[in-house]
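Trainee: Top line first, the protein sequences correspond to chains A and B.
This note's numbering puts the first residue of the first sequence at 5, with every later residue one more than the last.
This note's numbering puts the first residue of the second sequence at 5, with every later residue one more than the last.
Don't take every hint at face value.
As the list makes no split between identical chains, a pair holds if one copy fits it or if it spans any two.
Claimed, not checked - Below, a list of computed lysine-lysine pairs in the DSBU-like style, where the Cα atoms sit at most 30 Å apart:
{"#": "1", "residue 1": "Lys58", "residue 2": "Lys435"}
{"#": "2", "residue 1": "Lys243", "residue 2": "Lys357"}
{"#": "3", "residue 1": "Lys357", "residue 2": "Lys277"}
{"#": "4", "residue 1": "Lys501", "residue 2": "Lys243"}
{"#": "5", "residue 1": "Lys497", "residue 2": "Lys252"}
{"#": "6", "residue 1": "Lys357", "residue 2": "Lys317"}
{"#": "7", "residue 1": "Lys252", "residue 2": "Lys214"}
{"#": "8", "residue 1": "Lys438", "residue 2": "Lys58"}
{"#": "9", "residue 1": "Lys317", "residue 2": "Lys497"}
{"#": "10", "residue 1": "Lys357", "residue 2": "Lys214"}
{"#": "11", "residue 1": "Lys277", "residue 2": "Lys497"}
{"#": "12", "residue 1": "Lys236", "residue 2": "Lys277"}
Because the hints were derived from the structure by calculation, they are not lab data.
Protein chains: 2
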Amino acid sequence: MQLQRSLAELPDVQDVGVVMGTDANKELLAHIDLDSPEVMRARPNDLVLVVRAKDINAAEEALGQVDDLLARRQLGIDQEYHPRSVETAAEILPNASWVLVSVAGRYAAGVARQGLELDKHIFLFSDNVPIEEEIELKRMAAEKGLLVMGPDCGTANIRDIGLGFANKVRTGPISIVAAAGTGLQHVTSRIHQLGGGISYGIGTGGRDLKEQVGGTTFLQGIELLSRDQDTKVMLLISKPPSPIIAEKVLRAARSTDKPVVVCLIGSALKARKMDNLHFAVSLDDAARQAVELADSQVVHVESQALNVERFAKGQCYLRGLFSGGTLAYEAQHILSGYLPRILSNAPLDKTNKLPNSLVSQEHTIVDLGEDEFTVGRLHPMMDNELRIRRLHEEADDPEVAIIMIDVVIGYGSHPDPASELGPAISQARTKAEKAGRYLEAIAVVTGTDEDPQQIDSQIAQLEAAGVWVSTDNEEMVRYAGRLLQELRHEKIKLDFKPVELSVLQQPLAAINVGLESLALNLQAQGAQVIHVDWRPPAGGNEKLMAILERMKQ
Amino acid sequence: MQLQRSLAELPDVQDVGVVMGTDANKELLAHIDLDSPEVMRARPNDLVLVVRAKDINAAEEALGQVDDLLARRQLGIDQEYHPRSVETAAEILPNASWVLVSVAGRYAAGVARQGLELDKHIFLFSDNVPIEEEIELKRMAAEKGLLVMGPDCGTANIRDIGLGFANKVRTGPISIVAAAGTGLQHVTSRIHQLGGGISYGIGTGGRDLKEQVGGTTFLQGIELLSRDQDTKVMLLISKPPSPIIAEKVLRAARSTDKPVVVCLIGSALKARKMDNLHFAVSLDDAARQAVELADSQVVHVESQALNVERFAKGQCYLRGLFSGGTLAYEAQHILSGYLPRILSNAPLDKTNKLPNSLVSQEHTIVDLGEDEFTVGRLHPMMDNELRIRRLHEEADDPEVAIIMIDVVIGYGSHPDPASELGPAISQARTKAEKAGRYLEAIAVVTGTDEDPQQIDSQIAQLEAAGVWVSTDNEEMVRYAGRLLQELRHEKIKLDFKPVELSVLQQPLAAINVGLESLALNLQAQGAQVIHVDWRPPAGGNEKLMAILERMKQ
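The following block holds chain A by itself, in its conformation from the complex (with noise of 0.2 Å):
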């Protein structure tokens, strides 16, 4: 704070704190020795001026000059005509499609609301705004297609001009939504540092991914750049979310046909990839990624149109038969991604162990090579038998939509697995079909051109049998868990009327309501903006906000 430095340069003080009389302020003035009967006594809306200097004359004197030290220092925005009220200034610069609110939180919602009965979009810098009046405001502002970013929104991007606290980045074509403030300061920083460019960050402030908010405002960033042609890859941080928002958002940006980098800061990764979406572990991997993404021009394409119509109705569990062990334990733990649940006989966590190995329920994976079924009896890699049986007994089950396998080649296995287990898939999905029911076979053919068994052989003996075939069991498995999403899940339905393209692609104008810097910025980087003279409504300390006013430029 500059008061609080110029006092500081007098001679004789040695110590000085200014601070509002709040708990935690008196506390420490406390900590650092500053406190006295006086300032215990200030209450949260006192401005508290203390000074420690050589003697009591020093101290007095240093007190005394407050009013001149304030008075040096005065910038102020160029602008002849300061308006009262946001009306007024709307009025005056009826082109601005944006309100900046930076008042002190208990005020910040009324002003916001003003903002947006006007049909503005509304940048919400100020903090301690209850989230009852976030909700609200998010509630009106879907309703007319408007966005808010915030509160507690420190930053913003709209082509070059930054909002609040900003990095100047080049602009190209990445843009992100942040739910973290920093988080986007850093981003955009360590992209334009890498050589990428930006076209818009999109602020949502820190609680807008909580329940009771809803991601309103993430979404409506998401669904809005995806319509934008100037980004080719959209960027997403936050904080991890509950689970039920974080699947909300993960759909709302799987729907998109862009590249997607996401950053859910402090969650660890169960992929790196999963379709067009790309999973940063860090602000600086999500930088770097997108700038991959973006120089490599890539366009998603979707690598499998996935037919869910010719599944019957009720057709909806998936069961995977494997020989290999590990192969069975990446199958449960890659669709725990996209499946609430999955019994194993050999499950990756005991909740959700098979009561009966023998007989599988809703989504199941069995290993066929635990010891309870290979104590006397061959391996299922080296005999087929006990799988066919089983394959047989799934595909019966009119609830089954997929039957999964692994086919593990090379010496020690079956000398042609693909004769005995080709045959008995078509023989089932035969038989599903005359029952009226598609039944989807899936395989990964682990194995080399070089094995004795000839992989090609084998995967082709299966694709004659219809079997949907890969070699690596990260795409199989992939491939299923999102046919069994789309079984899963109706369509999204957007809750928000879409934000009109324009707000991006105008050039920025601003209504500024609160911190006169903000304004100064804005002007700075050649945005048009008109600074509101406001006043907290009767009843706010006007000679105190006065002050606060004129230190805080």
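Fit chain B to the known structure of chain A by using the hints.
Mentor: Frame of chain A, contents of chain B only:
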């Protein structure tokens, strides 16, 4: 099983079951309607043959042909004399450095022990070996500088020779240690499919990384491969081990100077890279990363020599003083991979909440932008006052080794933060030095060359004050993490005698005890092998064992 299929192919036979009389198998027979009172009376060591046929005659005729059917298929290893013991085999093939053991679980440890006594490495294919025996075998092997792969080790690769279930793969610069059998097969197959090649695949058995066993074979494998000239890239595969063992394994991997891909299937990633470790989310991801690393000829070079000698005794803690909430949050998340506990006023989880935000304890990260510090005062991005006071307090604490700060520039931030923070840090470092301590100050600067404060000038001012500076939060935090870990740990001590490299480099020669098919596979791959005509000690059911042996061929 060959017998089962041959019986099923006989005329008038409808269904056949051929299994050992275990409870699991009896349940299975019941499940497919092949049970009967006689079947249910069978004991685990009984061989159960069940035939369902058109009539009783057809069934009896089928059972009457069992001996004929068994006789029909007689493969045999091309070997003139079959020794009856491991000792004799070792005399006949003295260059055999391996014993392959696949006898029934209860005899396996005894055979393996004979091998170890003859200074042979053990490939222990058998399952159902008690864990106490595994511990004892591995303790004995560790003392002698020998490997015990297994028990239940399905696969291994020694150059171009596969042991057990194994795929024929290209030789190349990638070597693997795996506590996951099909995991190893899948990864070697994927590497081959992606154009890469394998030198060695060391299987350890699935229990090796359990705390009781202590990861002996796994750690031996890492240490051995770190000395092997053919291995350019190491790849480690396991289900997630206990935290204690995981730390041991990762420390061993980091102490090598080779790139190591780590795939702990089922555990989510907290980092993509940590020094020479590259973390993979799936088997396919692991294979891809290993192939890329092998292609790129990456030689791991420690980016920064860590000098921990200059710290005074007792200096061990980190104090992070952040202005950016997201950066503080990410710092805690990344540090959780290095430190057992980090306290904060804005912790990742509530148990690590700093009791008093004004007083740091142990490792502490303070977010000075939290409401408690900003109500009625300027944000620390605008005002350095509070942070500088706190910095001096931390620097005076004799247990503090590292002070970490962020400097976020851009519109809205302080016009020249480094001009205030730099001198303060310099002063604190000098004071610590006078007190006989070394204070490491590190900073991340967030911003761009186009920001009003000029990032280069900020960095230069900080570096002039002796601050280690990065523009990447993750890089700064990992640097601190490495330093703190060095301060915490003593050097790794090997608790085993190193295995001689000759085990990898000599042409493979082996003694096979158990399944003849394992010997046949080796022979087919051109390896020297001698098969032992092993019989269980008196008391084993010899007739039954013989039938089983013949069935399994």
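Trainee: Hint by hint, note whether the structure agrees.
Mentor: Hint-by-hint comparison with the structure:
Taking identical chains as interchangeable, the C-alpha atoms of Lys58 and Lys435 lie at most 30 Å apart only when they sit on different chains, with a minimum of 25 Å there against 98 Å within one chain. For the identical chains of this complex, Lys243 and Lys357 are inter-copy neighbours only, at 17 Å across copies versus 32 Å inside a copy, given an alpha-carbon limit of 30 Å. Only within a single protomer do Lys357 and Lys277 lie at most 30 Å apart by alpha-carbon distance; the minimum there is 28 Å, versus 34 Å between protomers. In this assembly of identical chains, the alpha carbons of Lys501 and Lys243 lie at most 30 Å apart only when taken from the same copy (26 Å versus 46 Å across copies).
In the homo-oligomer, the alpha carbons of Lys497 and Lys252 lie at most 30 Å apart inside one protomer (11 Å), although the nearest pairing across protomers, at 49 Å, exceeds that limit. Only within a single protomer do Lys357 and Lys317 lie at most 30 Å apart by alpha-carbon distance; the minimum there is 27 Å, versus 51 Å between protomers. Proximity of Lys252 to Lys214 under the C-alpha cut-off of 30 Å is restricted to the intra-copy arrangement: shortest distance 12 Å within a copy versus 38 Å between copies. With identical chains, the CA atoms of Lys438 and Lys58 are at most 30 Å apart between copies only, with a shortest distance of 28 Å across copies and 99 Å within one.
Taking identical chains as interchangeable, the C-alpha atoms of Lys317 and Lys497 lie at most 30 Å apart only when both belong to the same chain, with a minimum of 22 Å there against 62 Å between chains. For a Cα distance limit of 30 Å, the shortest separation of Lys357 from Lys214 across copies, 21 Å, qualifies, whereas the shortest one inside one copy, 33 Å, does not. Proximity of Lys277 and Lys497 under a CA criterion of 30 Å is satisfied intra-copy only: 25 Å inside one chain copy versus 39 Å between copies. For a Cα distance limit of 30 Å, the shortest separation of Lys236 from Lys277 qualifies both inside one copy, at 17 Å, and across copies, at 27 Å.
Of the numbered hints listed earlier, not one is contradicted by the structure.
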